[in-house]
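Enquirer: What follows is each chain in one-letter form.
Protein chains: 2
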Amino acid sequence: MEGGIKAPAPARGGLSPIQRLIERLHETFRGVTAGAVASYIPELAMVAPDQLGIAIATVDGHVYETGASRATFTIQSISKPVLYGLALASCGREAVLARIGVEPSGEAFNAIAFDDTHNRPFNAMVNTGAIVATAMVPGRNAGERFARILDAHRALVGRTVEIDEAVYRSEAATGHRNRTIAYLERNAGMLTGDVEEDLDLYFRQCAIQVSAVDLAVMGASFANGGLNPITNERALDAAHVRDVLSVMTSCGMYDYAGEWELRVGLPAKSGVGGGIVAVLPGQLGIGVFSPRLDEHGNSHNGLRICEELAQRLDLHMLAHRGPARPALRRRYLGSEVRSKRVRRLAARRMLDDLGRRIAVYELQGDLFFANTERVLRAALADETATYFVFDASRVASLDRVAAALLRDLADALGQAGRSPIFASAADAVREAIGLSDIAFASDLDEALERCEDSVLGDAGIAPVDGTPPVPLDKFELLRDFDADEVAVLSDRLTRRTYPAGEVLILDGADADTLYFIEDGAVDVRIARSDGPGYTRLGTVDPGNVVGELALLGGAQRTAQVVAAEPVSAHELSAKAFAALSRSHPAIAGKLLIAIGRSLAGRLRRANIEIGALAR
Amino acid sequence: MEGGIKAPAPARGGLSPIQRLIERLHETFRGVTAGAVASYIPELAMVAPDQLGIAIATVDGHVYETGASRATFTIQSISKPVLYGLALASCGREAVLARIGVEPSGEAFNAIAFDDTHNRPFNAMVNTGAIVATAMVPGRNAGERFARILDAHRALVGRTVEIDEAVYRSEAATGHRNRTIAYLERNAGMLTGDVEEDLDLYFRQCAIQVSAVDLAVMGASFANGGLNPITNERALDAAHVRDVLSVMTSCGMYDYAGEWELRVGLPAKSGVGGGIVAVLPGQLGIGVFSPRLDEHGNSHNGLRICEELAQRLDLHMLAHRGPARPALRRRYLGSEVRSKRVRRLAARRMLDDLGRRIAVYELQGDLFFANTERVLRAALADETATYFVFDASRVASLDRVAAALLRDLADALGQAGRSPIFASAADAVREAIGLSDIAFASDLDEALERCEDSVLGDAGIAPVDGTPPVPLDKFELLRDFDADEVAVLSDRLTRRTYPAGEVLILDGADADTLYFIEDGAVDVRIARSDGPGYTRLGTVDPGNVVGELALLGGAQRTAQVVAAEPVSAHELSAKAFAALSRSHPAIAGKLLIAIGRSLAGRLRRANIEIGALAR
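Going line by line, the protein sequences match chains A and B. Here the numbering used here is used: the first residue of the first sequence is 1143, the next is one more, and so on. Here the numbering used here is used: the first residue of the second sequence is 1143, the next is one more, and so on.
Accuracy of the hints is not assured; some may be wrong.
Put simply, identical chains are the same to the list, so a pair is met inside one copy or across any two.
Claimed, not checked - Cross-link-like lysine to aspartate or glutamate pairs, in silico, DMTMM-like; alpha carbons within 25 angstroms at most:
(1) LYS1732 <-> GLU1185
(2) LYS1482 <-> ASP1202
(3) LYS1732 <-> ASP1456
(4) LYS1616 <-> ASP1495
(5) LYS1717 <-> GLU1644
(6) LYS1616 <-> ASP1293
(7) LYS1717 <-> ASP1624
(8) LYS1717 <-> GLU1627
(9) LYS1482 <-> ASP1600
(10) LYS1616 <-> GLU1165
(11) LYS1732 <-> GLU1401
(12) LYS1717 <-> GLU1525
(13) LYS1717 <-> ASP1258
Hints are computed from structural coordinates only; laboratory data are not their basis.
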């Protein structure tokens, strides 16, 4: 076998119960000899009848397999959904629908019956329709057309496939019934080209060799909206996959379709080579191989194993799995979680209360109608918030409906005088929602900061820019200091200015200075653990201090502090503090108390934030 | 209208885009007069043909509606899925399958055709099958049986329903074709009881009056696994709903089934009264009413409105909506998030490192095979953890497969020498997973604490119980104090003991004492905001201090501290500290520095926890 997936290593925690289940099923069914190998093609009758392979592939690319899961056999009718998908991709939906119906025929796979009203085969899952689908594969010649067919199979199963020449020749030599069908179709105008070339391509594709694992991966590719989860290659557009699965649902299992839908409930297709592929959309693909067929032409053991798997694992696509997965992960308020901007005292106090007017809606996963509708409903009924942050950092995808709903939501909020902003939206999400008139912030923190600015603006608190420097006696840290005490402290301070970008505190250096930020703002940041560069922890506005550790025993700095804009700071060195402690122990003690109280306050806020995030 | 749901109030944020969409569709289609009102029942031909009602009900009980959404009409064939569900609930699946098939007949709804191989009607969505389903409704007499039928409808639509007497009498008087069917079935042994009584029940149920809203709610009840989302009443078991939806999928739209599956892709049922119900499992129900019928007997406008809704909102059940919703919300380590037990210094240091051996798997939502399989896979491949906490507080439900997988996972981890524990599992979750041999903790904190105890035990650190009291010079806070300094401080301390349950610090009181916990442990707790009682914030072990605020400016206490067991503590009053500041300012300053450093360390840990929880 070339390429393809590797057999999985055993998990360290012991054998997976899913692996154990398929092994038990293999054990149970490998001795079951009911049914008979297909015999209408001489070469098919020669297949070793006792082979049994079982495989399950998940949409995140994990494969469980057991038995003859890598043994190859001819794909036969399981190429029909592939060809239908290829016809859809090549010619478009309407062209295909005009030439091939989508109604179950209620007859056997090789029946010679047509939808006379529309002069077309009933559907693409029976021979009549599959021959027309084959005829729709474009190409300059037979070779190019067949290369396309092989490639469609390769993309879905994730490895290069070849045909079994002997089966192909046997089928081509004895396929009188299919010749009859093709010439009838040619006569009725359903086929218009070279009948022998179309028939030859049809016979060839039926002889493509696949394994149970290949079918499971094909199923997982369908389950994954056409993206092969092993190779990450797009094998088919999601819209075409939907049509393929629809037709598999109504027509995939011939005249057993209704009972299969009831008992298994998975879009599926079987072939007289003994294979069955079954698909649980969004979840997994199943591939089974066991050559003996039942009276409907389905693999006897394969069908029963699918039934057992569906029943034991509750795979039925209509089984109740709870309401649509929520798109809203959590909601919290700007009074609980703050931006990383440490604001001036008056602003901080204000936000303790008015932060309620900022609501963060944390979105998650794949967004579609039903789960996005709930986000809309919640946000439109939100009575307390004026500023809405939609945190899209955990959004995996959104379909066009979800995108339109979010755009509509933003419009509706805007019209009601409220302000929505989307944070951390990936480019695809951003483009889908639409760029014009909608506010985007690069991350949650930026969004929070902008909303906080707006809340403060609404309350008449001026933005940071253009405000005068904060005099020492207005620092919150010194709120219990009288004028004399401030003067004493002031004598120990050195005033310094830093241009934007200059480092005040270097990480790793000894902590030896406390900074009273008088004007400008500083960024606090830490070295990234996953590479070069820094992560910003926060921004500190004038009226606040940084570097308290200098007075608390002088360990090494763990964070870097950089001037975010031109900064003016009063600096208290550890040495100056030691001198202060000797000359004015009461004032030094008062400063330590103030620092302790400030740390206690920040710890209390951190605990509020933990409470909000742990929800 | 009695009972039922109320018309929704307009959302404060403006008109919902979903509401706008159905209003636009109403506008578009209300003038469309294609098709003709059913005329084979004289009374039906008298219906006002231009009525048009549209409703969508979500599985969380919200209803969008427009037009004649409350106008009633006779349910006709839409009672068939209800009767099929009732037969399943009354007689069990196998008994019903024996008497009614599940294959599409490929013929019109009133065809006189049977599955001769099994001597039964093809399926329950055509008249032949629905009459047999009606015959299977048990009861001592016709009145009791019909009460049961009405009740099945009531439970699904969420209000008491009645029949239209005129339509019933008209249908009973002219239903010769259905009489023919019933007597043929009686003759073939498919019916065994009183044919006239069964027929009368059949005619009556066809005349039940419903509205578009009723159908939407019925659809939402099906979508919600049989639980009516408006009334919260269980109308049908989930397993029976699955069977009903399966048969609706293959047989609900007569000979339009394949095209409906392709274009709309929702299990659905139409009636000649002009109604259509469509179901998107797990998400919503649609109800449409428009009396003119097309050539298949489906509501002409209703069908097109369903197509428009499905297309515009991407409702097709096989549309790709991303991989199965994740059951694993996040994973973090015991080194990032700690239990609320503030341990002795050596233990804390140890957990900073060895906490990695505890992994918390936060589960969420509805658990079923595909998403639980991933949790298994992740946990079985987890190389770093020895202790596994599965936090089930956000699990909404789990099916029997997910329960079995989690039980298997716990077994596999146990066999590999690892320890799983489930935290915050609701009773139902706990019972489903099974009680024996599996560790459960009432909440995450208890689970974390138990895992921490185990990690410390593995590292040879004795559990708290039975360890000697911590001498003052071993307190982390005093680690920089020499023996003389400890002695000076010690002179200012008062030793006190508290029996278990006694309050050390009362919330609201002045902060006037710092406690060095020498022996025993204290609980820190705050008053609940949502009622009486307290929430525990944490437990503090010996060797730690509580009440630092006393030395930091003496505000009021915000938390309560209670002896969790008999406690012995050295107490430093604010007054004693003031005296110390005068007599030994350097020692007092050192103590303040130590408190500052301790708070800074706790703040750093809090920020690590915020980082882990914000993931």
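Enquirer: Is the C-alpha distance from LYS1616 to ASP1495 at most 25 angstroms within one copy, between copies, in both cases, or in neither?
Expert: This pair counts as within: shortest intra-copy Cα distance 21 angstroms, inter-copy 42 angstroms.
Enquirer: If the cut is 25 angstroms between Cα atoms, do LYS1717 and ASP1258 qualify within a copy, between copies, both or neither?
Expert: Result: close neither inside a copy nor across copies, 99 angstroms intra and 102 angstroms inter.
Enquirer: Could you place LYS1616 and ASP1293 in one of the four classes (within, between, both, neither) given a Cα distance threshold of 25 angstroms?
Expert: Classified as neither: same-chain Cα gap 74 angstroms, cross-chain 73 angstroms, threshold 25 angstroms.
Enquirer: Pop the pair LYS1717 and GLU1644 into one bin, within, between, both or neither, using alpha-carbon distances up to 25 angstroms.
Expert: within (23 angstroms within a copy, 45 angstroms between copies)
Enquirer: Within, between, both or neither: how does the pair LYS1616, GLU1165 come out at a Cα-Cα threshold of 25 angstroms?
Expert: neither (74 angstroms within a copy, 59 angstroms between copies)
Enquirer: Given identical chains, is LYS1732 near GLU1185, meaning Cα to Cα at most 25 angstroms, within a copy, between copies, both, or neither?
Expert: Neither. Shortest intra-copy (96 angstroms) and inter-copy (93 angstroms) distances fail the 25 angstroms Cα cut-off.
Enquirer: When no copy is specified for LYS1717 and GLU1525, does a C-alpha distance of 25 angstroms or less occur within a copy, between copies, both, or neither?
Expert: neither (54 angstroms within a copy, 49 angstroms between copies)
Enquirer: Using 25 angstroms as the alpha carbon limit, work out where LYS1717 and GLU1627 are close: within a copy, between copies, both or neither.
Expert: Both. Shortest intra-copy (18 angstroms) and inter-copy (22 angstroms) distances satisfy the 25 angstroms Cα cut-off.
Enquirer: Taking 25 angstroms as the upper bound on the Cα-Cα distance, should LYS1717 and ASP1624 be classified as within, between, both, or neither?
Expert: both (23 angstroms within a copy, 22 angstroms between copies)
Enquirer: I want to check one pair: LYS1732 and GLU1401. Are their C-alpha atoms no more than 25 angstroms apart within a copy, between two copies, both, or neither?
Expert: neither (82 angstroms within a copy, 81 angstroms between copies)
Enquirer: Have a look at LYS1482 and ASP1600 and pick one of within, between, both or neither, based on CA distance no larger than 25 angstroms.
Expert: within (20 angstroms within a copy, 39 angstroms between copies)
Enquirer: At most 25 angstroms between alpha carbons: which applies to LYS1482 and ASP1202, within, between, both or neither?
Expert: neither (36 angstroms within a copy, 36 angstroms between copies)
Hint violations for this structure: numbers 1, 2, 3, 6, 10, 11, 12 and 13, all remaining hints satisfied.
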